[in-house]
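Produce the entire structure from the sequences given, and follow the hints as far as they go.
Take the sequence shown: its letter number 290 is residue 290 in my numbering, and every next letter is one higher.
Read the hints as simulated data drawn from the structure, not as lab findings.
Fair warning: this is a prediction, and the values are worked out from it, not measured in the lab.
One or more hints might be untrue.
No more than 20 Å apart at the CA atoms, straight line, and that leaves these computed lysine to aspartate or glutamate pairs for EDC-like [stated by the list, open to error]:
(1) K17 with D35
(2) K223 with D35
(3) K226 with E266
(4) K3 with D88
(5) K151 with E266
(6) K17 with D224
(7) K195 with D38
(8) K119 with D104
(9) K62 with D186
(10) K146 with D250
(11) K223 with D88
(12) K195 with E211
(13) K223 with E271
(14) K223 with D38
(15) K226 with D19
(16) K3 with D38
(17) K123 with E271
(18) K226 with D202
(19) K17 with D38
(20) K160 with D104
(21) K63 with D186
(22) K195 with D35
(23) K62 with D38
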Amino acid sequence: MSKEILILPPYLIEQDKWDRCIHNSSNGLMYAQYDYLDNICDNWHGIVVGDYEAIMTLPWRKKYGFRYYYTPPFIQQLGMMGNTEAVDYDRLTRMIRRFAWYGDLYLNFSNHRLALAVKATNKTNFIINLHNGYAAIQAAYSDDLKQTLQKSHPGFLLTKQDDYLSAIESYQENYASRIPHVSEDDYSRFTVLCKQLDARNDCIVRSVYNERGVMLSNALLLKDNKRIYHLFNTTTAEGRLLHSNHWLLDQILQEFGGQDLLFDFEGSELEGVRTFYKKFGGHIQPYFHYRRNFLRGL
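What follows is the structure in structure tokens.
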């Protein structure tokens, strides 16, 4: 007998059961936590299978009276999480297609059956298993990365102050013009989220300064019980010349190496970024992009 499948607005979702499903599932990701969604998404509904045996997030907006799926900032992949074997995929697919006319959904790494059903395409994500320990992680570095680290500037200073406000500000200053679809309001919402996560010690910031006290690179990381998420990374022009970001990521992997977590690089489809991440020896864990198109019947 197939499980009941409901699409619910947030106010009808039992937050404890929703978050417990994510926490206890091997495919559960931080992006789908109730508070994360409530802070970041303009609007969202949740698909609930049975008694929260599996869940799925549907972020949406409206245009000309029509509901459409959209990609919220600071969220890489959502999709079905929990016991995905309990799902009637024919019914689920029909519900997803009826809920919105068009738009984009990013399904998580475990959603192979759903991706096949909706004809989704693969996207690139790199992960490193931190459980293996730093020595094993370092051994997998590319020769080019190892040589770069040997030449790293001796004046680098690593700070471990979890100053998410400075990290967000420096990211905006350096990269906001490249991603104009992320609004000032989006950054404000993300700041509120980081404040909540920082109170739980799940927001981590690591920074590299030169001997003059000038910031060269920083990284804002989020953490749950399964992953450390490389949310964003800022490097100044001087930092790029000195390869400070290579050194910073190496320091982060050294700090957290040995923990029973995955380090999630969050992408990337950009050739330069993909090449950079590959140097650290991680392996590709694809996720999936579904483009809803009512006119094409998809």
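Here's how the hints hold up against the structure:
no.	hint	in the structure
1	K17 with D35	holds (13 Å)
2	K223 with D35	holds (14 Å)
3	K226 with E266	holds (14 Å)
4	K3 with D88	holds (7 Å)
5	K151 with E266	violated (27 Å)
6	K17 with D224	holds (17 Å)
7	K195 with D38	holds (14 Å)
8	K119 with D104	holds (12 Å)
9	K62 with D186	holds (17 Å)
10	K146 with D250	holds (10 Å)
11	K223 with D88	violated (32 Å)
12	K195 with E211	violated (30 Å)
13	K223 with E271	violated (26 Å)
14	K223 with D38	holds (18 Å)
15	K226 with D19	holds (14 Å)
16	K3 with D38	violated (26 Å)
17	K123 with E271	holds (13 Å)
18	K226 with D202	holds (12 Å)
19	K17 with D38	holds (16 Å)
20	K160 with D104	violated (37 Å)
21	K63 with D186	holds (19 Å)
22	K195 with D35	holds (12 Å)
23	K62 with D38	holds (17 Å)
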